[in-house]
Structure formats: structure tokens, C-alpha cells
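Note that the protein sequences, when read in sequence, are chains A and B.
To convert, note that position 340 of the first sequence is 340 in the working numbering; the numbers rise steadily by one, no gaps.
Here the working numbering runs 757 ahead of the position in the second sequence, where the first position is 1.
Don't read these hints as lab results, they were simulated from the structure.
Be careful, since some hints might not be right.
For lysine-lysine, the following DSS-like pairs were computed, each having C-alpha atoms within a straight-line distance of at most 30 angstroms [claimed, not checked]:
# : chain 1 : residue 1 : chain 2 : residue 2
1 : A       : Lys555    : B       : Lys803
2 : A       : Lys354    : A       : Lys393
3 : A       : Lys528    : A       : Lys555
4 : B       : Lys803    : A       : Lys528
5 : A       : Lys649    : B       : Lys803
6 : A       : Lys649    : A       : Lys528
7 : A       : Lys735    : A       : Lys649
One side only, chain B facing chain A, incomplete, derived with CB under 10 angstroms [claimed, not checked]:
#  : residue
8  : Asp771
9  : Pro774
10 : Gly775
11 : Glu786
12 : Lys803
13 : Pro822
14 : Ala838
15 : Asp850
16 : Val869
17 : Ile871
18 : Val874
The beta carbon of each residue, even a glycine, is placed where N, CA and C say it ideally should be.
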Amino acid sequence: MPEEIRVTEPLDRLAALLMQAPTPICVTWGPAHRVEIMNAAFEAMVGVAGARGRPLGEVGSALDAGQLRLMEQAFCLGERVEAAEVALRPPPADLHARPSGAAGAGERFFNLVYEPLHDRTGAIDGLMISAVDVTAHVASRREFESAQQRARFLGDASAALSESLDYARTLRRVAELAVPCFADWCTVSETDESGGLRRLAVVHRDPARAPLVVEYERHFPPTEHRAGDMAHALGSSRAVLRARVTDAELCAAAQSPDHLRVMRGLGCASCIIAPMIARGATVGVVSFMRSEPDHPYAAGDVAMAEELAHRAALAIDNARLYRAARRREETMRFFAEASAVLSSSLDYEAAFDKVAQLVVPSFADWCAVDVKAETDRDPAIQNVAVAHVNPAKVELARELQRRYQPDPNATYGRNNVIRTGRSELYSEISDAVLVASTRDSDHLSAIRALGLRSCLIVPLIGRGPPIGALTLAWAESNHHYTAEDVAVMEDLGRRAGFALENARLYGETQSAVRLRDEFISIASHELKTPLTSMQLQISGIRRAAASPARLDVEKLTRRVDAIDRQVGRLAELVDGLLDVSRAVAGRLRLNLEEVDLAEVVRVVAERFTGELGAARSDFALDVQGPILGRWDRLRLDDVVTNLLGNAIKYGAGRPIRLAARLDGDLAAVEVRDHGIGIPEDDQQRIFQRFTRAVSSEHYGGFGLGLWIVQVLVQAMGGSIGVESAVGEGALFTVKLPCHYIGQRGAKSTQDHEPAVL
Amino acid sequence: MSQPCCERVVLVVDDDPGIREALADLLGEEGYQVVTAMNGVEALDKLREPSQARPCVILLDLMMPHMNGHQFFAEQQQDRALASIPIVVISADGAVRQKAAQFGGEFLAKPVRIERVLEVIERHCG
Numbered sequence: 001m002p003e004e005i006r007v008t009e010p011l012d013r014l015a016a017l018l019m020q021a022p023t024p025i026c027v028t029w030g031p032a033h034r035v036e037i038m039n040a041a042f043e044a045m046v047g048v049a050g051a052r053g054r055p056l057g058e059v060g061s062a063l064d065a066g067q068l069r070l071m072e073q074a075f076c077l078g079e080r081v082e083a084a085e086v087a088l089r090p091p092p093a094d095l096h097a098r099p100s101g102a103a104g105a106g107e108r109f110f111n112l113v114y115e116p117l118h119d120r121t122g123a124i125d126g127l128m129i130s131a132v133d134v135t136a137h138v139a140s141r142r143e144f145e146s147a148q149q150r151a152r153f154l155g156d157a158s159a160a161l162s163e164s165l166d167y168a169r170t171l172r173r174v175a176e177l178a179v180p181c182f183a184d185w186c187t188v189s190e191t192d193e194s195g196g197l198r199r200l201a202v203v204h205r206d207p208a209r210a211p212l213v214v215e216y217e218r219h220f221p222p223t224e225h226r227a228g229d230m231a232h233a234l235g236s237s238r239a240v241l242r243a244r245v246t247d248a249e250l251c252a253a254a255q256s257p258d259h260l261r262v263m264r265g266l267g268c269a270s271c272i273i274a275p276m277i278a279r280g281a282t283v284g285v286v287s288f289m290r291s292e293p294d295h296p297y298a299a300g301d302v303a304m305a306e307e308l309a310h311r312a313a314l315a316i317d318n319a320r321l322y323r324a325a326r327r328r329e330e331t332m333r334f335f336a337e338a339s340a341v342l343s344s345s346l347d348y349e350a351a352f353d354k355v356a357q358l359v360v361p362s363f364a365d366w367c368a369v370d371v372k373a374e375t376d377r378d379p380a381i382q383n384v385a386v387a388h389v390n391p392a393k394v395e396l397a398r399e400l401q402r403r404y405q406p407d408p409n410a411t412y413g414r415n416n417v418i419r420t421g422r423s424e425l426y427s428e429i430s431d432a433v434l435v436a437s438t439r440d441s442d443h444l445s446a447i448r449a450l451g452l453r454s455c456l457i458v459p460l461i462g463r464g465p466p467i468g469a470l471t472l473a474w475a476e477s478n479h480h481y482t483a484e485d486v487a488v489m490e491d492l493g494r495r496a497g498f499a500l501e502n503a504r505l506y507g508e509t510q511s512a513v514r515l516r517d518e519f520i521s522i523a524s525h526e527l528k529t530p531l532t533s534m535q536l537q538i539s540g541i542r543r544a545a546a547s548p549a550r551l552d553v554e555k556l557t558r559r560v561d562a563i564d565r566q567v568g569r570l571a572e573l574v575d576g577l578l579d580v581s582r583a584v585a586g587r588l589r590l591n592l593e594e595v596d597l598a599e600v601v602r603v604v605a606e607r608f609t610g611e612l613g614a615a616r617s618d619f620a621l622d623v624q625g626p627i628l629g630r631w632d633r634l635r636l637d638d639v640v641t642n643l644l645g646n647a648i649k650y651g652a653g654r655p656i657r658l659a660a661r662l663d664g665d666l667a668a669v670e671v672r673d674h675g676i677g678i679p680e681d682d683q684q685r686i687f688q689r690f691t692r693a694v695s696s697e698h699y700g701g702f703g704l705g706l707w708i709v710q711v712l713v714q715a716m717g718g719s720i721g722v723e724s725a726v727g728e729g730a731l732f733t734v735k736l737p738c739h740y741i742g743q744r745g746a747k748s749t750q751d752h753e754p755a756v757l
Numbered sequence: 758m759s760q761p762c763c764e765r766v767v768l769v770v771d772d773d774p775g776i777r778e779a780l781a782d783l784l785g786e787e788g789y790q791v792v793t794a795m796n797g798v799e800a801l802d803k804l805r806e807p808s809q810a811r812p813c814v815i816l817l818d819l820m821m822p823h824m825n826g827h828q829f830f831a832e833q834q835q836d837r838a839l840a841s842i843p844i845v846v847i848s849a850d851g852a853v854r855q856k857a858a859q860f861g862g863e864f865l866a867k868p869v870r871i872e873r874v875l876e877v878i879e880r881h882c883g
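Next up, chain A with everything else stripped away, as it sits in the complex:
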């Protein structure tokens, strides 16, 4: 004992001891609990100094109303009153205590004892308040409780995650679990094949912020938000903790004022970004966010975040595996059905319709099949099937197709796929892509209305170059195509391509056989007609020879002349057949020389004078001559003869106009009639071999005229076209370059068509 204490009075000595005691002690007197003695430890406990003489209830705010009531109880009843684990916080107080949270900064816990003090008469005149600091004890118990709670939470999480193998639901489950216990809001994103991130779920504890969540999901994909932290989390395979995200940081990270507004609205004061890793591979990222700055994430939360993310990753991995297995099963079933459909019919349009119906809804919300038109003259691409679960949407898609024909030279899209034979995968269709690929605002809003999210275009390929394309799109169901889908659909594209080719070959063979039969019938009719007239004349001559009395030299001469004419006609027909056969074999030889087209046209018109008169058609010849160029005179004559002959034949006695003029470097011949006209559907067909727009019963001829005309015109580097409407006649226009250089053989326009002659 130090000297100075020994010399003091006993009471003073006791007071001095109390003052120095390490445990907090306070002595009060009177019903107002005025402080008589308050040692340093007590002062530290309540955060107040120099309180002597003041009522304890007015000293600071550390002891709350509850404690004051306990003091009253001890003082009035004269009982010793104890209070366990009283939390004393030097101000300011944290009003946002969390059930699972650890002790706040500076918070301490004490067991308090209120002991009544008695005067000499035995009356109660004060209290002695002593305290024991149990902060460490409380903290370790809380730690234990929190660990238990965490284990329970993770256990619940695992149970919830294993409930479903549905991929989308599992992802949503992950986000839902974290909110509100661990985060105010949570986002889950998966990594795609290209290493990018795709957000799949956003959950916020506050239902009032649902519109902001929707806006966030729609317009701010994860790759553009906090990409640095996400990339870091993915790269290091460790969670990234941002204990405090200041508003300035939020401003810096925001890509637009809208983005900033949404982020502020959702609240991002603190966050942890945890990678989801399963079987050594990163499957995605979970972001946990807390909105309020006074309850940030601490280093201790990172392990929890990682653990939750790990369990989520396992669940996602399982769901992925399950989905892949289901997909394989579906794919196999789909291929079995598709093959059956494709092989069941040689009517390929019907077959494609069925294939499109099969693709929807397992592999697409939308499916369209487009194929190259069969005619070589017009390599247009036509839509043969569109499918969507909703027929009204099919009509909308058809309407769009009609109104906005894709640019045939575009370096992307269906036409490019058909041209190059390479598939195109648009895993994520952003609004920017839509804006870039549409013509105008009407087109854009119509396309937007379709709600396309992901698109895949694969070629239809048989043995040769691509013959069409299969376009698939996800919209409402919000799926995305992957490299795996490309392989599956390319396979379908090949099967469909072969089926289409088979159907076409079959169709072509069928029509070639039909054409041949028809041609043989027409040819025999045409050949037999002059033969019949010859046969009749010959039998007449024979009869005359049998009875010389009836022999009339004049009549005989007439008959022989008639036979002669029919021989000439037969020879012409045979020449026609030879022309056809030469043209088919591609051996048409041109004899190019300087020719005046105007003169050729006039000569032909003159030759037709008789027939024009007989047909009673008004005839107008409009030739601005001379029109000089290098052509084959006889072939040119054939072309004009054929066209004018047709005009007379089908002109129904109405006016006919034949015109020729020079149009820059091109010479043009026009033949206009006002006869029966040609239905639109037949306008391509009439240039093919052995076809006529009208039945062979009505009009004679080989049905080869226009085909030969086309072969001749093309051989001279030119083109032929027709404009017509039923009942309004037809306008045939031939355009020929005046100085065509290449003297190539007239190539058959349909190389693969079996030669029928």
C-alpha cells in the first residue's frame, strides 16, 4: 500500500479505492439518484465525466429509461436488481440493428447491479451501481449464433437450390435466397461461350422498386456495369468486396444519366461480387448489394458470399447438365420427327411447313424457311414457311416479309447465309442491332414489336451450293442461342437441304417427263399436219392417174405445188427442232456481223403483211433507223419473227405495235399486243422449254418459240422481258448491247434439266 493512502481517513481511503477500481462503480444518493461517486471506469462506460451532484438519469443518454426503471425498483423496494448484457453505446446510436449483424462499432455490453444503500436508521438513501464488462462474452456468443444462423441459411439455400432442375428457376432462386437476409438486392449473371456475361435474375427486397428492377434488367446489361469488378472477380475466382461505394464512384461508373438514376434508385452503398465456380469452371457472377450506407459489407461477409455463390454455382451446373441432357433428348426426338416429315413427302413446301412447326416451340419462338427460287432468270429468294405458336404473329411476320424485302447484297442476314453458306449466330440481339438493320422508324417499331432476343440463321445445303436458309429466333421465352444450337440446326439445315434437293429433282424429273410427253404430242401433231395434207394430195394424184380421163394438168400442178409447200413447212419444223436440240446442247453458233436492226424489223414486218391482214389487227411500225450493232442477222430475224408471230397469234385481232429504237448503248425491240395477255404466274414460265401460257388444245406450235428467243437474245448478250396482265395483252421487250464482244455459245439456261430431245 502506498504511503499517502495509509495516512488518509478510512472513508476517504475507501472513496479513493472506489475511484481507482477497474470495474465501473457509481454511488448515488437520494430519490433523484444524484451522483455521489463515479469512478473512471464508470465514466468511460457511460461516456461522461464530472457528473458529481447531477441526477444520473440526466447524465448522458447511455442509461436508457429501462435502466432508470431498474434503479427506481432497487431504490423503492430496497432490493438488489441485476440487468444482464445491457448494450451501452457511446452516441450516436445505430437505429438499424440487424438480426444477424455482429456488434456495431464501439458497442459494449455490461452486466449491471443496482444495490440499495442504507443510512444509519436503515432507510434507503442511495444506490451503488456496479458493472462487469461482458462485451467479449456477448461477441463470442453472437459469433456462435451467427455461425449457426449462417449454416442454417446455407442449408436452406442448398435445399432450395436443389428443389428444381429448371435452369431459369434455379437462377432466380439464387437471387431470392440472398434477399433480404444477406443483401438488399442481388443479381445473377451467367457467362456465355464468348466469355461475356448475361444477366438472368435481379431481385430487390423492396417491391416498390420493381419498375426500377425491370428498367435495370432491360437497358443495362451486366457487361456495361461495374465491368471492372466483375472481370476481376471472374479472373481471380475470388469475391470482390466494395465495403463503401460512394456516390462519386457510382457517378463515375454510370454510363448515362438514366443508368445513374436507376442505380441510385436501387441503392448501391456497398457490394460484394462473387464468382460462381463449379467443377473448376466459372459459370457466372452473383452481385450482392446493400442500399444503406450505415450497414455495409465487412470482410467477414466475403466468405459467406463466396459460399453462397459456390452453392449457387453447383446448382446452376447441375441445372445446366440437366438442361443439356434434356436438350440432347429433345434434339434426338426432334431429328427423328423432322427426318420422318422430310422423307414423308416430296411436296417440299408442305414438308418445310411441317419442319417449321416442329422447330417451334422447342428450338425457337419463330421459325422461317426461305429458299432460292427455282428459275435461273430471277434468283429471288422466297419464303416458303413461317411458324410461331400464335398464328396472328405469323401473319405479322409474313406482312413484314412482304413489305421489307431483305437487301440481296447485305453482308449479313438470310441472304448472306444463302450466298456464303455460313451460319450466323446473334446470341443477344441488342436494340442497337435492330436500329442498324432496319430501314426506317416504321420498320424498326414493327421489328421491336416482335421482341426478338436471339437469332440463328443456318443454310439449307444439299449436294451443291446453299439453296436456302432456316431462320430461328427466340423472343417471348427469352432463351439465347449458343454454339451448340448452331451445330444442331446446321445438321437440320443439311437434312432439309437434301430433302429439298430430292424434292426438286423429283419435281424437275416429273415436269421434264411431262414436258417431253407434251412436246412429243405437240411435235407429232405439228409434223402430221403437213403430212396429212401431203397424203391427201398424193392420193388425189394417184386417183387421177388411175383414171386418165380425169387427168387435169392444171389441177395436178396445183396438187404438186401444195405438196411442195408442205415439204417446205416440214423442213421448217425440222429446223426448229434442230435449233432446239442445238440450243439444249449449248452449241448454237452465232455469225456476228454489222447489222441494221431497223432494217431487220422492217423486213419481218413486211413478211407478215398477209397474216396481219388476215388477223384484222391494226398494225403500227415504229422504227427509228438505222440501229447498227454486231449481231447475227438470221437470229435477229428469228427473234423478231417469233415475237411478232406470237402477237398475231394471241393478239385476238386487236392493235399490234412493233417498235425498235436505240437506247444509249442498247438496242431495244418492243412488240405490243392487246390480246389475251399472260397471267402473272405464267410470265416466268413462258420462257422455259415446251411451255405455253395457254393450253396446247387451243394454240398449235411447239411451245418453244419464246424459249428459243430467249436463248438467242442471251447468246447475243441481251435480255428479254415481258409486262402483261390477263385480257390486256402483252409487251415483250428485247434489249441487246450494240457491241457485244464475247461470242460465247448459247449456254443452256437449265443445265441440270435432263435433255429431252
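Mind docking chain B on chain A? Use the hints.
For chain B alone, coordinates are given in the frame of chain A:
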């Protein structure tokens, strides 16, 4: 067709002028009065002309513009005054032989000798 059949009139319907002329010429030599038409429409017009004598037979081609042989036959069958006139089909289409049954079974394949034509006509007009 008011006059009774006393002159031996034959109607030749064919779109080929060579065949029409040859038949007219040769049948004329055999004492037939030959009326010609280049298609079904013209044939019906001629048959319905009041001054025209009723033919004892019609030689009918099938493949003709405007109105072919089948259509002509259908029209003729509708017309009570004409329905009974026998028809002989002369066609280059061999397959028509079966169809010719509809026209009374008479069929001549082109090319044809005048003797065969006369033989058939005489059966109807003789």
C-alpha cells in the same frame, strides 16, 4: 338448215388451210358439196346459217384454236337441230381413238388417205 338432205354436203372443220383445201378439192371431185370451217365457232356459224344445206357428215379436227373439237361436239349436242349429224374425227392424236367413241366411234388418224375418208363418208351419205 331448212332443206332436207338431198345434196351430199360434207362439213370439214380443220385449222390447217392445206388440209381444208385438199379435202374440199378431193371430195368435190367425188360429187360432194364441201363446206369448210377453221374452228368450232365458224363451224357452228355455218351450220346455223339458214341458207346452208344440212351436211350428212362432219369431218372434225380436235386441236384447233378458239373452239376445239371437244367443245364443238358439246355445243352441237346441245343444239337439237344439229345433234343428229354424225361426226368423224380426223386427228393426229392417236390417243384420241378411244375418245372418239363419244363422237359415234368414227375416227381417222392423220395422215389419212382420201380412200379411207371416202369410205367413211359414203357410209353416212351414200
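Hint check:
With a CA separation close to 27 angstroms, the supplied pair Lys555/A and Lys803/B stays within the 30 angstroms bound. For the hint linking Lys354/A to Lys393/A, the alpha-carbon distance of about 17 angstroms falls within 30 angstroms, and the restraint holds. At roughly 24 angstroms between alpha-carbon atoms, Lys528/A and Lys555/A fall within 30 angstroms of each other, so this suggested pair holds. For the hint pairing Lys803/B with Lys528/A, the CA-to-CA distance comes to about 27 angstroms; that is within 30 angstroms, so the pair holds.
Proposed proximity of Lys649/A and Lys803/B is supported: the alpha carbons are some 23 angstroms apart, at most 30 angstroms. With a C-alpha separation of about 21 angstroms, the suggested pairing of Lys649/A with Lys528/A holds against the 30 angstroms cut-off. With a C-alpha separation of about 23 angstroms, the suggested pair Lys735/A and Lys649/A falls inside the 30 angstroms cut-off, and the hint holds. Because the smallest distance between the Cβ of Asp771/B and any Cβ of chain A comes to about 9 angstroms, under 10 angstroms, the interface hint for this residue holds.
Hint status for Pro774/B relative to chain A: holds, with the closest Cβ pair at about 9 angstroms, below 10 angstroms. Checking Gly775/B against chain A by beta carbon gives a least distance of about 3 angstroms; that is within 10 angstroms, so the hint holds. With a least beta-carbon distance of about 7 angstroms to chain A, the hint placing Glu786/B at the interface is held under the 10 angstroms criterion. With a cut of 10 angstroms, the hint placing Lys803/B at the interface with chain A is violated, because the nearest CB-to-CB distance is about 18 angstroms.
Annotation: interface hint on Pro822/B holds; nearest CB of chain A at approximately 5 angstroms, less than 10 angstroms. Interface hint status for Ala838/B: violated, as the beta-carbon distance to the closest one in chain A is roughly 26 angstroms, over 10 angstroms. The beta carbon of Asp850/B is positioned within 10 angstroms of a beta carbon in chain A (closest approach about 6 angstroms), and the interface hint is therefore held. Here the hint on Val869/B is kept, as its CB sits about 6 angstroms from the closest CB of chain A, short of 10 angstroms.
Interface hint at Ile871/B: satisfied, since its Cβ lies 4 angstroms from the closest Cβ of chain A, which is below the 10 angstroms cut-off. Hint on Val874/B holds. Least Cβ distance to chain A is approximately 8 angstroms, under the 10 angstroms limit.
Hint compliance for this structure: hints 12, 14 are not met, and every other hint is.
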